[in-house]
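Assemble the complex: chain A is given as a structure, and chain B must be docked to it using the hints.
Number of protein chains: 2
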Amino acid sequence: MSSLDDVLVTIDTNHSAAINRLFDLLAIRSVSTDPAFAGECVKAANWLADELKTIGFSAQVRPTAGHPMVVAHAKSNQRDVPHVLFYGHYDVQPADPLELWTSDPFTAQIETTETGQRIVARGAADDKGQLMTFVEACRAFFEQGGLPCDVTILFEGEEETGSPSLPAFLSANKEELSADLMLVCDTGMWDKDTPAITTMLRGLLLEEVVIRGASRDLHSGMFGGPAINPIRVLGKIIGDLHDDTGRVTLPGFYEGVEELPEEIAQQWRALPFSDEKFLGELGLSVPAGEDNRSVLEMIWSRPTCDVNGIVGGYIGKGSKTVLPAQASAKFSFRLVGHQDPIKIQASFKQFVKAHLPADCEVEFISHGASSAIQLPIASESLTRARRALAQEWQREAVLAGCGGSIPIVGTFKRDLDMDTLMIGFGLDDDRIHSPNEKYEVTSFHKGARSWARILHGLAL
Amino acid sequence: MSSLDDVLVTIDTNHSAAINRLFDLLAIRSVSTDPAFAGECVKAANWLADELKTIGFSAQVRPTAGHPMVVAHAKSNQRDVPHVLFYGHYDVQPADPLELWTSDPFTAQIETTETGQRIVARGAADDKGQLMTFVEACRAFFEQGGLPCDVTILFEGEEETGSPSLPAFLSANKEELSADLMLVCDTGMWDKDTPAITTMLRGLLLEEVVIRGASRDLHSGMFGGPAINPIRVLGKIIGDLHDDTGRVTLPGFYEGVEELPEEIAQQWRALPFSDEKFLGELGLSVPAGEDNRSVLEMIWSRPTCDVNGIVGGYIGKGSKTVLPAQASAKFSFRLVGHQDPIKIQASFKQFVKAHLPADCEVEFISHGASSAIQLPIASESLTRARRALAQEWQREAVLAGCGGSIPIVGTFKRDLDMDTLMIGFGLDDDRIHSPNEKYEVTSFHKGARSWARILHGLAL
Numbered sequence: 324m325s326s327l328d329d330v331l332v333t334i335d336t337n338h339s340a341a342i343n344r345l346f347d348l349l350a351i352r353s354v355s356t357d358p359a360f361a362g363e364c365v366k367a368a369n370w371l372a373d374e375l376k377t378i379g380f381s382a383q384v385r386p387t388a389g390h391p392m393v394v395a396h397a398k399s400n401q402r403d404v405p406h407v408l409f410y411g412h413y414d415v416q417p418a419d420p421l422e423l424w425t426s427d428p429f430t431a432q433i434e435t436t437e438t439g440q441r442i443v444a445r446g447a448a449d450d451k452g453q454l455m456t457f458v459e460a461c462r463a464f465f466e467q468g469g470l471p472c473d474v475t476i477l478f479e480g481e482e483e484t485g486s487p488s489l490p491a492f493l494s495a496n497k498e499e500l501s502a503d504l505m506l507v508c509d510t511g512m513w514d515k516d517t518p519a520i521t522t523m524l525r526g527l528l529l530e531e532v533v534i535r536g537a538s539r540d541l542h543s544g545m546f547g548g549p550a551i552n553p554i555r556v557l558g559k560i561i562g563d564l565h566d567d568t569g570r571v572t573l574p575g576f577y578e579g580v581e582e583l584p585e586e587i588a589q590q591w592r593a594l595p596f597s598d599e600k601f602l603g604e605l606g607l608s609v610p611a612g613e614d615n616r617s618v619l620e621m622i623w624s625r626p627t628c629d630v631n632g633i634v635g636g637y638i639g640k641g642s643k644t645v646l647p648a649q650a651s652a653k654f655s656f657r658l659v660g661h662q663d664p665i666k667i668q669a670s671f672k673q674f675v676k677a678h679l680p681a682d683c684e685v686e687f688i689s690h691g692a693s694s695a696i697q698l699p700i701a702s703e704s705l706t707r708a709r710r711a712l713a714q715e716w717q718r719e720a721v722l723a724g725c726g727g728s729i730p731i732v733g734t735f736k737r738d739l740d741m742d743t744l745m746i747g748f749g750l751d752d753d754r755i756h757s758p759n760e761k762y763e764v765t766s767f768h769k770g771a772r773s774w775a776r777i778l779h780g781l782a783l
Numbered sequence: 324m325s326s327l328d329d330v331l332v333t334i335d336t337n338h339s340a341a342i343n344r345l346f347d348l349l350a351i352r353s354v355s356t357d358p359a360f361a362g363e364c365v366k367a368a369n370w371l372a373d374e375l376k377t378i379g380f381s382a383q384v385r386p387t388a389g390h391p392m393v394v395a396h397a398k399s400n401q402r403d404v405p406h407v408l409f410y411g412h413y414d415v416q417p418a419d420p421l422e423l424w425t426s427d428p429f430t431a432q433i434e435t436t437e438t439g440q441r442i443v444a445r446g447a448a449d450d451k452g453q454l455m456t457f458v459e460a461c462r463a464f465f466e467q468g469g470l471p472c473d474v475t476i477l478f479e480g481e482e483e484t485g486s487p488s489l490p491a492f493l494s495a496n497k498e499e500l501s502a503d504l505m506l507v508c509d510t511g512m513w514d515k516d517t518p519a520i521t522t523m524l525r526g527l528l529l530e531e532v533v534i535r536g537a538s539r540d541l542h543s544g545m546f547g548g549p550a551i552n553p554i555r556v557l558g559k560i561i562g563d564l565h566d567d568t569g570r571v572t573l574p575g576f577y578e579g580v581e582e583l584p585e586e587i588a589q590q591w592r593a594l595p596f597s598d599e600k601f602l603g604e605l606g607l608s609v610p611a612g613e614d615n616r617s618v619l620e621m622i623w624s625r626p627t628c629d630v631n632g633i634v635g636g637y638i639g640k641g642s643k644t645v646l647p648a649q650a651s652a653k654f655s656f657r658l659v660g661h662q663d664p665i666k667i668q669a670s671f672k673q674f675v676k677a678h679l680p681a682d683c684e685v686e687f688i689s690h691g692a693s694s695a696i697q698l699p700i701a702s703e704s705l706t707r708a709r710r711a712l713a714q715e716w717q718r719e720a721v722l723a724g725c726g727g728s729i730p731i732v733g734t735f736k737r738d739l740d741m742d743t744l745m746i747g748f749g750l751d752d753d754r755i756h757s758p759n760e761k762y763e764v765t766s767f768h769k770g771a772r773s774w775a776r777i778l779h780g781l782a783l
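Chains A and B, in that order, are what the protein sequence lines are.
Just add 323 to wherever you are in the first sequence, counting from 1, and you've got this note's numbering.
Just add 323 to wherever you are in the second sequence, counting from 1, and you've got this note's numbering.
The shape of chain A in the complex, shown without the other chains:
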């Protein structure tokens, strides 16, 4: 087995070459949502497979109904070591609006700022820069004699479009892709000096509701009073979904929602985080959610019910005295802990139906349901990863939540029963999905070193 120190020195020595390699990958316009770039997605997959073969993996580009997958394997030369599956994605968001970029999005630049250097390009942080931290760590191990763990790598090219081909691919290659632990590098640090491990991801339930009343739009003068108004029905439903303390009133909604373990609660309270600053940047000043919860709690560990869109009746300029025949709203529920999206979906439908007056009908349109992810914080692999990160950054890693969802983590948990360590080196100001996306050079360099320490630590 390689000496960790030698591996870290190799990563340092390789740094300039690693930057150049990343630049080559960033030059490939692998925008997954636009069919015009399908060829570029294939090119990125080929580039990665070639790179992994050069390092020492056996790697293949594998077709799907959409953009191809890259699958690579390498055994450690040690026995009885853990087998990890690393997941990343080579596809990127569209670069437009192009005019807001200060340099070409697919010609990476190093920009020097007061706080250090950064790599500016589409995909620098999401996710090409991040996935290459792991590749560079593996390269250094191979150069120093071999990997400390058995490693499988899966790169997909459809993460930015909702991973449509992933479930079928997992199901068709279940055995090949199963491992002891999954590693994902698509999350962020707490701040530029403090690493983080994301141990909670909120789930998401998306339900559209269409309320229909009369068989046609009616004049509110001729029919206002006796005729039902679907907008009023919808308003009542929305109004009744929360109580005065900001809690969701759906029966059974909080089943599976647990209070934070004291260790985590303490850590979060101690974090240098200002509710005022966070809200101030949005033009807000008072947290709008449940009473007596901090902003971090609300975003990371509390469920929500929101309306993401509503429409009914006349929405042009001026007025029109119409009683519309229908009104609709798109509801979303962010889920935490062990909340069951299917039970909540049923409870929501029941709630809506119980609010329907005579002569109203409802149509439900489901746009997806995923459970929250909560990693056991006492697991051995998490403990080892924390230790490794602390050694690299000289700071304890924050055990963070994430308000958004990374659906593939749930997919792997459900289909392959694998837990995931989500460790990434992005920063809040990386402008992912926006013009002038960047990735700190420190994130890239120390990210690779972090993975080396983590792989080494997992195998001890």
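Everything labelled a hint here was simulated from the structure, so no lab data went into it.
Even for Gly, the Cβ is constructed at its ideal location relative to N, Cα and C.
Treat the hints with care, as some may be off.
[What the hints assert, rightly or not] Far from chain A, some chain B residues (derived; all Cβ distances over 10 Å):
1. 433
2. 588
3. 698
[Stated by the list, open to error] Simulated crosslink set (DSS-like; lysine-lysine; CA at most 27 Å straight-line):
4. B:643 - A:672
5. A:366 - A:376
6. A:640 - B:398
7. B:643 - A:559
8. A:640 - B:376
9. B:559 - B:398
10. B:376 - B:398
[Stated by the list, open to error] Just the calculated beta-carbon pair ranges, DEER-fashion:
11. A:533 - B:515: 30 to 40 Å
12. B:599 - A:757: 50 to 60 Å
13. B:566 - A:689: 25 to 35 Å
14. B:386 - A:756: 49 to 59 Å
15. A:666 - B:568: 28 to 38 Å
16. A:533 - B:608: 19 to 29 Å
17. A:533 - B:329: 54 to 64 Å
18. B:608 - A:672: 18 to 28 Å
19. B:585 - A:666: 55 to 65 Å
20. B:566 - A:539: 23 to 33 Å
21. A:485 - B:437: 51 to 61 Å
22. B:608 - A:575: 30 to 40 Å
23. A:485 - B:533: 30 to 40 Å
Same frame as chain A, but now just chain B:
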């Protein structure tokens, strides 16, 4: 003075030509609420002024701050005859949703059904078809020697947007527009065989509310919980505006609302009216308004609060996890008796403001306010009109209420102290403000004959 019989024969003879003239007017897209159609409103005004001049009126298109007025005058060749002011409006509601029309809304069609023929077009009933009944009656009188009364005509182009320019116009032209009696043809018959005179009109208060929260649209994963959602705020407002018995909860809302006089209540109870049939034609079965009120009461003599339009967030297909920065809704209040629209407007604004959580702002956009109208039912002109209608239709006219509002009736009463005879030939199933608006050919033809009889009767 012309012989009434000759005039009636002339109307019959002119019938086909009258239909063609109406089709020309219906082809003009005079949608007043949408600034894109301002030119079409001018075109409709010019068309009407030209038509009135052709008949024998002196007619002018008169500018306002909004769409123009048409004012026309003609004296009877008899002396000591009454002077009537006829009011109508040439503007129409928007035609959308276009896809629900079976033919182009601005290319009128004659449709033949089991019960007769109908004219299908936007504005066929509201109000172009109706106002042309009066114009055609006047044309026949001129062709037969002259009008039986002095006649002033006022057509406006902003009725569907709350007549914003009318009060100033009346005040600037008070003397020119004053007459003994006002005639309005914007109401309906009791049924297709039974005429009606409308003696009660509901008032109308139109208020648009825009709720604003964060300074920009937010991602519901990253910000859901602590960030305020304006759709939820609006939903709560809408939900709280009614109690469980269907009454409006605004403080002071029912001040000035009186129970029906027993005489009227008895007449209404005796009318052949079926709540089930009325609702059944709308695809409904149960009156949705206040508990323990009949449908006729709800529409003719009870106030309402409704939402005519709502929009916020993502309203396209599928889902988007956005917390919108704003949401808006258009509210309307139908008023009765002595309800004061200004007091109710203030109460509503107060109610909305009391519902605003921290960090929310509200903008109010007023689209007009008018009181309810209640006419004296024992006047001489009403008696003569009832007699004329009975002669044409061979049925007694019902003294009806009307759920809709004709705010100008109140304006004329207040500013020019004129009473109004509201007589129209619309039917409940005319789908005014809806796709496939229609006007019965019988209404158009016998409507013109009715006005001939009424003008003749008023001058006896």
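Comparing the hints with the structure gives:
1. 433: About 22 Å separates residue 433 of chain B from the closest Cβ of chain A, which puts it past 10 Å; holds.
2. 588: The assertion about residue 588 of chain B holds, with a minimum of 16 Å to chain A.
3. 698: holds (17 Å)
4. B:643 - A:672: holds (20 Å)
5. A:366 - A:376: holds (15 Å)
6. A:640 - B:398: violated (41 Å)
7. B:643 - A:559: Status holds; Cα separation ~23 Å.
8. A:640 - B:376: violated (35 Å)
9. B:559 - B:398: violated (58 Å)
10. B:376 - B:398: holds (13 Å)
11. A:533 - B:515: 30 to 40 Å: This hint holds: roughly 35 Å between Cβ atoms.
12. B:599 - A:757: 50 to 60 Å: holds (58 Å)
13. B:566 - A:689: 25 to 35 Å: With a Cβ separation near 33 Å, residue 566 of chain B and residue 689 of chain A satisfy 25 to 35 Å, so the hint holds.
14. B:386 - A:756: 49 to 59 Å: At roughly 52 Å between Cβ atoms, residue 756 of chain A and residue 386 of chain B fall inside 49 to 59 Å, so the hint holds.
15. A:666 - B:568: 28 to 38 Å: holds (34 Å)
16. A:533 - B:608: 19 to 29 Å: With Cβ atoms ~20 Å apart, the hint holds.
17. A:533 - B:329: 54 to 64 Å: holds (58 Å)
18. B:608 - A:672: 18 to 28 Å: With a Cβ separation near 23 Å, residue 608 of chain B and residue 672 of chain A satisfy 18 to 28 Å, so the hint holds.
19. B:585 - A:666: 55 to 65 Å: holds (56 Å)
20. B:566 - A:539: 23 to 33 Å: Between residue 566 of chain B and residue 539 of chain A, where Cβ atoms are some 28 Å apart, the hint holds.
21. A:485 - B:437: 51 to 61 Å: Once the Cβ atoms are compared, 53 Å apart, the range 51 to 61 Å for residue 437 of chain B and residue 485 of chain A holds.
22. B:608 - A:575: 30 to 40 Å: Roughly 32 Å apart at Cβ, these two residues keep to the hinted range, so it holds.
23. A:485 - B:533: 30 to 40 Å: Cβ of residue 485 of chain A to Cβ of residue 533 of chain B: about 33 Å, so the range 30 to 40 Å holds.
Hints 6, 8 and 9 from the earlier list are contradicted by this structure; the remaining hints agree with it.
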